[in-house]
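*Asks:* Listed below, chain by chain, are the residues.
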Amino acid sequence: NAGVTQTPKFRILKIGQSMTLQCTQDMNHNYMYWYRQDPGMGLKLIYYSVGAGITDKGEVPNGYNVSRSTTEDFPLRLELAAPSQTSVYFCASSYPSRQRQDTEAFFGQGTRLTVV
Amino acid sequence: KQEVTQIPAALSVPEGENLVLNCSFTDSAIYNLQWFRQDPGKGLTSLLLIQSSQREQTSGRLNASLDKSSGRSTLYIAASQPGDSATYLCAPDKLIFGTGTRLQVFP
Numbered sequence: 006n007a008g009v010t011q012t013p014k015f016r017i018l019k020i021g022q023s024m025t026l027q028c029t030q031d032m033n034h035n036y037m038y039w040y041r042q043d044p045g046m047g048l049k050l051i052y053y054s055v056g057a058g059i060t061d062k063g064e065v066p067n068g069y070n071v072s073r074s075t076t077e078d079f080p081l082r083l084e085l086a087a088p089s090q091t092s093v094y095f096c097a098s099s100y101p102s103r104q105r106q107d108t109e110a111f112f113g114q115g116t117r118l119t120v121v
Numbered sequence: 002k003q004e005v006t007q008i009p010a011a012l013s014v015p016e017g018e019n020l021v022l023n024c025s026f027t028d029s030a031i032y033n034l035q036w037f038r039q040d041p042g043k044g045l046t047s048l049l050l051i052q053s054s055q056r057e058q059t060s061g062r063l064n065a066s067l068d069k070s071s072g073r074s075t076l077y078i079a080a081s082q083p084g085d086s087a088t089y090l091c092a093p094d095k096l097i098f099g100t101g102t103r104l105q106v107f108p
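Protein chains in written order, with our numbering: chain P, 6 to 121; chain U, 2 to 108.
The set of hints was computed from the structure by calculation and includes no laboratory data. Quantities reported herein were computed from a predicted structural model and do not represent experimental measurements. Incorrect hints may appear among the rest.
Stated by the list, open to error - Not the full set, but computed from the structure, chain P residues with beta-carbon under 10 Å of chain U:
(1) Tyr38
(2) Tyr40
(3) Tyr53
(4) Gly56
(5) Ala57
(6) Thr60
(7) Gly63
(8) Asn67
(9) Val93
(10) Phe95
(11) Ala97
(12) Ser99
(13) Ala110
(14) Phe112
Heads up, the beta-carbon is just placed ideally off N, CA and C, and yes, glycines get one too.
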């Protein structure tokens with residue numbers, strides 16, 4: 006299994022540009038998450054999804070959009086990039102369930118985004 | 002709303018010490034709790050997963066306990082080594098994180 010795959014690994018954007026960070030998981034997890042982590046800081050939840058077609062805001066959703074058309078994919082869209090969005094972005098997936106034993110959460114390796 | 006607190010925020014110890022890292026959470030209606038490690042500039046690596054029906058889980062020198070009713074989990078690290086230096090994070094099943102414990106083990 007590949008686990009959680011994020012692309013790209015690195016990206017430089019100019020102010021006002023848009024881009025989509027891709028996240029794919031092959032573990033049939035229902036929950037997927039997007040976080041950002043600023044230097045020396047903790048993880049802040051941007052958006053999460055509890056299943057295909059369902060998304061919800063986390064702590065810091067402004068400036069971002071998500072969609073979840075399939076179980077596997079959870080892309081994060083940045084519209085009108087700003088320097089404040091310079092950060093490392095992590096995608097994760099899990100399957101919180103009393104029935105399933107393989108409920109471990111997995112993280113992608115991150116996307117390092119710089120907005121200049 | 003789930004909130005997670007980790008104590009201490011930072012810890013600097015000499016090699017060989019046994020360590021205790023604490024995690025508390027406000028909503029005890031969880032299926033599991035997971036401990037992660039993050040090295041500087043890297044992603045998160047899963048260390049241990051404790052199901053809500055379990056009281057503890059062990060992996061090598063690591064032992065994690067869970068007291069769901071009181072909203073607490075503890076990570077014990079035995080005979081610490083410099084390679085254990087990292088930030089340790091706990092997260093209940095909906096992956097809400099606190100700020101973690103930054104551990105430095107010096108030779």
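*Asks:* Taking the hints in turn, state whether each one holds.
*Replies:* We went through each hint and held it up to the structure:
1. Tyr38: 5 Å, holds
2. Tyr40: 8 Å, holds
3. Tyr53: Holds, because the Cβ-Cβ distance from Tyr53 of chain P to chain U comes to roughly 8 Å (cut-off 10 Å).
4. Gly56: At 14 Å from the nearest chain U Cβ, Gly56 of chain P fails the 10 Å test, so the hint is violated.
5. Ala57: The hint is violated - Ala57 of chain P has no Cβ within 10 Å of chain U, the shortest such distance being about 18 Å.
6. Thr60: 14 Å, violated
7. Gly63: Interface hint status for Gly63 of chain P: holds (9 Å vs cutoff 10 Å).
8. Asn67: This interface hint is violated because 18 Å lies over the 10 Å limit.
9. Val93: 8 Å, holds
10. Phe95: 6 Å, holds
11. Ala97: Cβ of Ala97 of chain P sits 6 Å from chain U, so the hint holds.
12. Ser99: Holds, about 6 Å.
13. Ala110: 6 Å, holds
14. Phe112: Phe112 of chain P check passes; min Cβ-Cβ to chain U is 4 Å, inside 10 Å.
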